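**Student:** Below are the chains, spelled out letter by letter.
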Amino acid sequence: MRPFPVKSLSATLALALAVSACGHEQDEAESAEEFAQQLALGVDLSYIGMGSPRQMIAESDLVARGVLTDVFEGVEYEYEGPADDGRYTGIYLTFEVAVEEVLAGDESLVRDGKVYVMVDKANPTSPRDLAAANPRPEVLLVLLDHTQWLPDHASAVIRPERMPSDAPIFFARPDGLWLQTPSDQEMVSPFTTTEALDPTWGRPRTIDEMAEVVRACRQGDCP
Amino acid sequence: MLVASPPPASANPFPNNVDRSVADNAVHDWCKRITWSYDTAIPPYAMGVLGDTTAMVVGTNHGTCQDNRIDVWWDTSSLPTPVVGRRTCFSYVTTGICNSSTLVLDIPDIDAIGPYDYDMRRQVAVHELGHSVGLGHSSGNAMNDPVTNSPDLKYRRYSGHDIAHINAHYG
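Note that the protein sequences, when read in sequence, are chains A and B.
Each residue of the first sequence is one higher than the one before, starting from 1 at the first, in the working numbering.
Each residue of the second sequence is one higher than the one before, starting from 1 at the first, in the working numbering.
For the record, the hints were derived by calculation from the structure and aren't laboratory data.
Everything numeric in this text was worked out from a predicted model, so none of it was measured.
Among these hints, one or two may not hold up.
[Unchecked claim] Below, a sample of chain B positions facing chain A; criterion: calculated Cβ distance under 8 Å:
1) Asn17
2) Thr35
3) Arg69
4) Ile70
5) Trp73
6) Ser78
7) Thr88
8) Phe90
9) Val93
10) Thr102
11) Pro115
12) Tyr116
13) Glu128
14) His131
15) Val147
16) Gly160
Glycine is no exception: its CB is placed at the ideal position from the N, C-alpha and C atoms.
With these hints in hand, go ahead and build the complete structure from the sequences.
**Tutor:** Shown next as structure tokens:
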């Protein structure tokens with residue numbers, strides 16, 4: 001069973017009071033859980049796990065944390081002939097993430113403080129609906145540069161208009177895409193659970209804990 | 001290769017795939033997309049596991065996919081690394097009932113996992129097919145998350161708990 005994060009009542013109350021005090025009407029106290037479920041609706045992935053923190057750093061292009069500032073339509077691929085039957089249209093969306101900290105990897109891959117990440121979705125899922133539901137969670141991303149990647153039978157990449165032409169097109173590992181809002185006691189992933197992480201991670205439950213594992217690994221304490 | 005330890009299968013509800021969706025009925029018909037390449041025995045193997053071990057009925061093999069109402073469209077394609085298999089619901093009858101799923105296998109990347117190509121191709125196929133009928137991830141069986149580099153037959157079979165769920169719903 002997908003373990004649902006237990007909301008922290010005290011954190012929720014504190015945030016609600018803070019929001020009330022400054023008069024903001026944004027749903028900043030929303031959990032990332034519902035958003036993650038909505039995102040993953042109709043998509044199930046089989047993947048090779050990222051392994052230990054050491055393996056993850058060695059085999060990833062960028063590891064970063066930041067804020068999910070926007071969600072919009074995804075990369076499309078131009079198919080030819082009978083391969084163009086609509087089955088592979090609208091199966092990705094784009095996360096725009098404002099990077100707050102590069103935990104590992106090549107910082108030069110960040111464009112104007114942002115990264116753009118292709119995320120799997122089902123054909124019927126509307127990026128616009130997801131954008132409206134975005135609780136602007138903190139995110140931790142383990143990214144691979146897929147700028148040059150093409151699926152079989154595709155001849156060209158079609159970027160969404162809102163993705164800068166010089167920005168790398170990243171893909172997040174399914175076990176390297178974690179979301180958490182202030183009201184969540186634990187981070188959530190659209191595609192997996194923390195239980196699926198390799199035991200060498202030490203069972204991190206929050207983005208802070210996972211980021212700390214990566215930082216420690218870079219400083220030599222690396223399982 | 002990784003062996004994850006998700007919660008015990010006994011805790012799994014049904015349906016437990018990400019969209020909490022089931023197939024539209026107990027008869028699961030299927031086809032291969034025109035772009036399918038590699039081992040053509042993989043889809044029949046997975047469909048056979050479903051039909052032979054559960055109360056679901058394997059329906060017509062439509063050959064090359066053309067009709068979007070066919071329950072399962074099988075295909076092979078490169079997928080973004082490190083994804084080796086993907087099931088998407090292409091269309092819903094209504095919320096919670098998937099009309100047609102697309103199951104894609106990245107055969108070269110599956111083969112790169114290790115020495116058990118035959119078994120791993122089938123493990124991922126049985127896994128994705130399980131999602132199309134409502135199964136979520138669990139451990140020690142075909143629905144393991146992430147994929148498990150093992151020739152053990154149990155990774156190409158659904159758990160007794162999951163089979164009970166399928167039979168209770170579709171039987």
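**Student:** If a hint holds in the structure, say so; if it does not, say that too.
**Tutor:** Right, here's what the structure says about each hint:
For asparagine 17/B, the interface hint holds, the least distance from its beta-carbon to any beta-carbon of chain A being 6 Å, beneath 8 Å. For the restraint placing threonine 35/B at the interface with chain A, the shortest Cβ-Cβ distance is roughly 5 Å, inside the 8 Å limit, so the hint holds. Given the 8 Å rule on beta carbons, the hint for arginine 69/B is violated: about 13 Å separates it from the nearest Cβ of chain A. About 11 Å separates the beta-carbon of isoleucine 70/B from the nearest beta-carbon of chain A, more than 8 Å, and the hint is not met.
Residue-level restraint check for tryptophan 73/B holds (minimum Cβ-Cβ distance to chain A is 7 Å; threshold 8 Å). Hint status for serine 78/B relative to chain A: holds, with the closest Cβ pair at about 5 Å, below 8 Å. Interface restraint check for threonine 88/B: the shortest CB-CB distance to chain A comes to about 5 Å, inside 8 Å, so the restraint holds. For phenylalanine 90/B, the interface hint holds, the least distance from its beta-carbon to any beta-carbon of chain A being 5 Å, beneath 8 Å.
Hint on valine 93/B is violated. Least Cβ distance to chain A is approximately 12 Å, over the 8 Å limit. Among the interface hints, the one on threonine 102/B holds; its C-beta lies about 5 Å from the nearest C-beta in chain A, closer than the 8 Å criterion. Residue-level restraint check for proline 115/B is violated (minimum Cβ-Cβ distance to chain A is 15 Å; threshold 8 Å). Contact between tyrosine 116/B and chain A, as hinted, is not supported at the beta carbon level, the nearest pair being about 14 Å apart and thus beyond 8 Å.
Nearest Cβ of chain A to the Cβ of glutamate 128/B: about 6 Å, under the 8 Å cut. The hint holds. This hint holds: histidine 131/B has a C-beta 4 Å from the nearest C-beta of chain A, less than the 8 Å allowed. A distance limit of 8 Å between C-beta atoms decides the matter here; for valine 147/B the minimum to chain A is near 5 Å, and the interface restraint holds. With a least beta-carbon distance of about 17 Å to chain A, the hint placing glycine 160/B at the interface is violated under the 8 Å criterion.
Of the numbered hints stated above, those contradicted by the structure are hints 3, 4, 9, 11, 12 and 16, listed in ascending order.
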